[in-house]
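Residue numbers (the numbering used here), protein chains in the order written: chain A, 1062 to 1246; chain B, 23 to 142; chain C, 181 to 509.
Everything labelled a hint here was simulated from the structure, so no lab data went into it.
This one's a predicted model, so the numbers in the text were calculated from it and none came from an experiment.
Even for Gly, the Cβ is constructed at its ideal location relative to N, Cα and C.
A few of these clues could be false.
Claimed, not checked - Just some of the chain B residues that point at chain A, by a computed CB distance under 10 Å:
(1) I39
(2) A42
(3) F49
(4) F51
(5) V82
(6) V93
(7) Y102
(8) I107
(9) L108
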Amino acid sequence: MIVASVGNVLVWAVWLGAAFACLGSAVAVVSFTNPFYSALALIGNLGSLAVLYLLLSSEFVAAAQVLVYAGAVMVMFLFVIAYIGPRTESPWTGGPTWQTIGAVLAAGAILVEIVVAIGLKAGGSLSHSHHVDGAFGTPSYIGRLFLTDHLLAFEITSIVLLVAAIGGVILGAHSRTTADEVPSL
Amino acid sequence: MLDNWLPFLIYAIFALIIPASMMWFSFVFATRAHKRTRWRELPFESGVSTGPPRVQRFTVSFYLTAMLFIVFDIEIVFLYPLAVILHQLAWFGFLEFLFFIAILVVAYVYVWRKGALDWQ
Amino acid sequence: MREPWWISLIKAGVIVNLIMLAFAYTTWLERKLLGRMQNRFGPNRAGPYGLLQPFADLIKLVRKESFFPVAARHPLYIAAPIISMFTALAAFAVIPFGAGWQIWHYHVNGEIANVSIALILIFALGSIGVYGAIIGGWASQSKFSLLGSMRTCAQLVSYEVSLALSVLGVVLMGQSLNLVDIVNKQGATIWFFIPQLAGLLVFFFAMIAETSRPPFDLPEADTELVAGYHTEYGGMRWGLFQTAEYINLITLSALAVTLFFAGWHGPYAPLGPLWFLLKVFIFVSVFIWIRASVPRLRYDQLMRFGWKILLPVATINAVVTALLVVWIS
C-alpha cells in the first residue's frame, strides 16, 4: 500500500474512476446502435476492469486481461464488424422477445451466483488482505499455480486453443468458398 | 505492490498530456483557410469521389488472421508465467511445457495444411 | 527501492521530454543518413548541419490548416492519434536505463516504474496502440484509410505473436518478466544475445514489422494505398501518428537493448545511461540503414514470413532454451 493517507485517497480515486468507467462503458456497449462504437466501449470496459484487477494486487491478471481481451479478442470483433459491414439499423427493435427475456434471466442467474460464491468464499469477512503477500499476483506466483494446483485446467487450455484454431479455420474456409462465387474487394 | 505503480501513473499522465496538447496546438495555431472549399474535405480518391465509401466487405483472410492471433496470444500469455519459474520445476515442469506446446503445434500444422496461413 | 513521489514526478517529466527530443533527432538522423546513403546532403538549411530541422518541421506542422474529412466521425478522428502516441510513450515507463543513484540521501531508481509484469505491459500497450490505426482509419471514412487500417492491423497482430514468442527464451534465462531483473541477470552472467541469437533475429524482424518500417512498411505502401490509415490526416494530427511510429521504434530498440544487450551495463558502471543511449543509437541507425537498402515486400510475402518462418523459429528457440535451462539447473 502507498504509505500515508494521501496514497489511500489516490487508490480510492483510481478505484472510483475505474468502477464508474466500467459501469458507464458497459451501459454504452448496449446503448450504441453502431456496432463499431459498441465494440470500442467494450474495449474501455475491459480496460477499466484491468485497472480494478490491478488494484486487487493481481498484476498478471490485469496485464493478461489487456493483452488478450482488449488487445486480441476485440481486434477480432472489429474485424468481424468490418467484414460484415457497418449496419445502420438498430440491433434491437420492438418489444421484448424470448431472447431478451432469456438474457435478463441469465444475467440475473449470474448475479445470484456471484453473490452466493462471494458469500460462501468470504465466510463473513470481505477483506482478505492478510492472505496477500508481496508475491501474490506476480507471474511466478501464477506460474506455480498453473503447474501445481491447476495443472489439469492448464493442459486443457491448450486443447481448447486447438479446438478454437480448428473452428476458426473451418468457418473461414467455408466463407472462403462461398466468397469465391460472389466477386468482392 | 501498488506503490510500484505510482510512478507509472505519474508518467502515464505525462504521456497523455503531451499528445493531447499537441492535438490542441493543431487547433489553436492552425492557419485559417481563406476560402472554405468542399473539395479539400472530400476523402482522397484518384479522380471521382462524392463522399464516404459505400459499404464494402473485406477478404476473410483478415478474420482468419485475427482468429489465429487470439489463439497464439493466449498461448503466449500462458507460457510467460511458466517460463519464469521453469528452472524451479525442473523436468516435471519441462514435460508440462512440452505437452502444452505439442498440442499447439498440432493446431499450427493443421492450420498450415488447410492453407489458412496463405494470404489470399 | 522506494523513491518519494516528487522524485518520480520530476523524473517522469524529464524522461518524457528526453524521449520527445530523441524522437526529434531520430527524424533528423534518419533524413541525414538516408541522404548520405543516397549521395545527397539531407537537411542542411535550418541551423548548422540542419540541426534545427525538427523544430522547423514542428512549426510547419502546427501551422497547417485544421480540417476534417466530410464524413469523419469527429471525436474518434481526434482521439485516434492521441491513443497511438499515448501507448507509444507509456511503454517506455518500464525500461531500465541506469543502475539507480544515491543523490544526497534520496534514492533515485534507474527506471520509471519497477513492476513485475514489465514485459507483458509493453506488449499490452502495443496491442492497444493498434486501435489508434483501426480507429483512425475507420473514423476518416475513406476507402484508402479503411483498407490501410485493416492491413496495418493484420500485420501488427501477426508479428506481435512472433515478437512475444521470441523473448520467451530471454524470460526463461532471466527467470523474470521484470526488465530490471533481466538486466541485472545479464550483468551477472552473460549478455543474452549470445545464447539467444535466434531469438534476437526473430525479435529484430518482428520489430521492424511492428514499427511498420521498410521493408515491412505495407501499412504505408504509397504506391497501393496512398498513405494507409492516415491518408485523411494532415498537419500535427498526421504528425502525432508519425511521432508514435518513431517513439515505438525507439522504445522497441530500447527493449531489444534491455533484453539482449544487458541494457545499461558497460565497462564503466557510472556511465550506465550513456552505454544505454549508445546501444539504442546503434540499433536505430541499423534500422535506418535497412530502410535505405531493402525494397518493400508484397503483402502475402509479409504474412508468410511472419507466420511460416518467424513463428516456428521462435517456438523452436523457446523449446530448446527451456530444455537447456532445465538441464543446467
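message = Hints numbered earlier in the text: which of these fail when held up against the supplied structure?
response = 1, 2, 3 and 4
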